[in-house]
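Trainee: Residue numbering for the sequence shown follows my numbering, starting at 148 and increasing by one per position.
No lab work stands behind these hints: they were computed from the structure. Hints should not be assumed to be uniformly reliable.
Quick list of in silico lysine to aspartate or glutamate cross-link-like pairs, EDC-like style, CA-CA up to 16 Å [unchecked claim]:
(1) K432 with D494
(2) K432 with D519
(3) K457 with E446
(4) K285 with D361
(5) K285 with D271
(6) K510 with D271
(7) K510 with D526
(8) K432 with D462
DEER-style ranges, computed between Cβ atoms [stated by the list, open to error]:
(9) A287 with A252: 32 to 40 Å
(10) R397 with N167: 53 to 61 Å
(11) M433 with D248: 35 to 43 Å
Glycine included, C-beta positions come from ideal geometry on N, C-alpha and C.
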Amino acid sequence: MDAGALPPNRQPRAPWRPENCDHVALVLQGGGALGAYQAGVYQALHEAGLEPDWVAGVSIGGINSAIIAGNPPERRLERLREFWEMITTQSVSLFTLDGDDARRARNGWSALLTTLRGQPGFFDVNMPGPWLSPRGSKQATSFYNTAPLRETLLRLVDFDLINSGQTRFACGAVNVANGNFYYFDNATNEIVPEHVMASGALPPALPMVRVGTDCFWDGGLVSNTPLSHLVENIGCDNVLVFQVDLFSARGSIPRDMHDVLARQKDIRYSSRTRLTTDMYMRMHKMRLQIRQLLARIPEAELSADDRVQKQILADLPEIAILHLIYQQADYESQAKDYEFSAASMRDHWDSGYRDTRRTLRHKDWLRMPAPDEGIVVHDVHRVED
Numbered sequence: 148m149d150a151g152a153l154p155p156n157r158q159p160r161a162p163w164r165p166e167n168c169d170h171v172a173l174v175l176q177g178g179g180a181l182g183a184y185q186a187g188v189y190q191a192l193h194e195a196g197l198e199p200d201w202v203a204g205v206s207i208g209g210i211n212s213a214i215i216a217g218n219p220p221e222r223r224l225e226r227l228r229e230f231w232e233m234i235t236t237q238s239v240s241l242f243t244l245d246g247d248d249a250r251r252a253r254n255g256w257s258a259l260l261t262t263l264r265g266q267p268g269f270f271d272v273n274m275p276g277p278w279l280s281p282r283g284s285k286q287a288t289s290f291y292n293t294a295p296l297r298e299t300l301l302r303l304v305d306f307d308l309i310n311s312g313q314t315r316f317a318c319g320a321v322n323v324a325n326g327n328f329y330y331f332d333n334a335t336n337e338i339v340p341e342h343v344m345a346s347g348a349l350p351p352a353l354p355m356v357r358v359g360t361d362c363f364w365d366g367g368l369v370s371n372t373p374l375s376h377l378v379e380n381i382g383c384d385n386v387l388v389f390q391v392d393l394f395s396a397r398g399s400i401p402r403d404m405h406d407v408l409a410r411q412k413d414i415r416y417s418s419r420t421r422l423t424t425d426m427y428m429r430m431h432k433m434r435l436q437i438r439q440l441l442a443r444i445p446e447a448e449l450s451a452d453d454r455v456q457k458q459i460l461a462d463l464p465e466i467a468i469l470h471l472i473y474q475q476a477d478y479e480s481q482a483k484d485y486e487f488s489a490a491s492m493r494d495h496w497d498s499g500y501r502d503t504r505r506t507l508r509h510k511d512w513l514r515m516p517a518p519d520e521g522i523v524v525h526d527v528h529r530v531e532d
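Using the sequences plus the hints, can you model the full thing?
Mentor: Here it is as structure tokens:
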């Protein structure tokens with residue numbers, strides 16, 4: 148592959164599923180410019196024939212999810228490329244030498260341009276700005292305007308296709324008035340561009356988005372990963388989950404203020420993902436134990452409630468989670484999530500693609516767990532938290 152280029156398109160395998168697998172799910176964390184990593188993950192899955200039929204995301208993960216669910220499989224990769232190449236077309240006219248220090252300088256300049264200009268097809272500067280706008284006006288509550296994103300979504304996403312339910316779709320946002328977290332799910336909602344925009348409306352940079360009579364902000368303010376929504380809604384189906392995080396809970400001890408700013412952002416937005424998976428593993432184990440206890444009680448001695456619980460627990464789901472986490476480069480700073488240079492986009496995309504191709508070589512990770520296991524988690528990048 149040429150240096151600085153996106154991975155070439157390869158002929159995908161015929162679609163397939165592991166034995167006893169009902170769904171392949173893609174769960175995408177928020178993380179701004181880092182979201183190109185998720186596009187690389189999708190490309191590797193697409194080429195391997197593991198086409199997701201359930202996608203859920205928060206913030207940029209919600210946008211990537213909408214592009215995937217809102218296009219037929221043969222067009223998804225093309226549309227993802229079009230989106231990421233469009234929002235990273237802003238050039239960085241700064242000549243420097245090679246090396247981490249030089250790359251850090253270029254990235255810093257790129258992030259500064261984002262703050263000054265916005266990003267094409269995504270958001271632009273809100274003039275005259277919040278401090279000079281009348282209280283109560285739309286311009287008074289954000290630094291940028293996301294009207295360009297709405298036009299981009301209407302062009303790249305077929306919302307009729309999302310609402311047909313061929314691919315399950317959900318994106319998370321938080322209600323500004325009451326602080327409650329909410330998932331917009333095509334199983335229960337008719338999805339429109341505002342749902343996706345709400346999921347990525349991170350204040351104070353981006354404006355709240357009105358959906359119906361309520362206003363919403365970025366779901367990452369409460370929970371930056373939608374794994375819990377998926378696990379709570381799969382019923383008794385068996386699911387292979389690719390959970391793609393953009394911020395790592397693990398990291399080095401900071402050595403200067405730049406490190407401090409980067410590390411606190413990682414901790415804040417990693418959303419304690421492993422804590423969530425551990426909790427569901429404990430809950431599943433408890434359900435198995437209750438099922439075993441109920442099986443030992445003679446049928447005649449069971450109450451009506453006991454029989455209902457026995458029926459519910461008769462068919463528990465089997466869930467295999469492959470957990471991929473973007474690994475920050477040495478030259479990246481706390482601005483990594485709003486550094487939208489084309490070079491960084493290509494690096495992120497390629498990193499997700501290579502990580503997923505390596506992951507798919509572990510065929511045993513793709514197997515559904517045994518019924519007495521219930522949930523298994525494979526940490527692709529680490530042995531333990």
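Trainee: Work down the list of hints and note, for each, if the structure agrees.
Mentor: Now the hints, each set against the structure:
1. K432 with D494: Status violated; Cα separation ~40 Å.
2. K432 with D519: Holds - the C-alpha atoms of D519 and K432 are around 8 Å apart, at most 16 Å.
3. K457 with E446: Roughly 10 Å between the alpha carbons, so the hint for K457 and E446 holds.
4. K285 with D361: At roughly 14 Å apart (the allowed maximum being 16 Å), D361 and K285 satisfy the hint.
5. K285 with D271: 14 Å, holds
6. K510 with D271: With a Cα-Cα distance of about 45 Å, the restraint between K510 and D271 is violated, given a limit of 16 Å.
7. K510 with D526: Since the Cα atoms of K510 and D526 sit roughly 14 Å apart, the hinted pair holds (cutoff 16 Å).
8. K432 with D462: Holds, at roughly 14 Å.
9. A287 with A252: 32 to 40 Å: 35 Å, holds
10. R397 with N167: 53 to 61 Å: 32 Å, violated
11. M433 with D248: 35 to 43 Å: The hint (35 to 43 Å, Cβ to Cβ) is violated, given that M433 and D248 are roughly 52 Å apart.
Hints 1, 6, 10 and 11, counting from the list given before, are not met by this structure.
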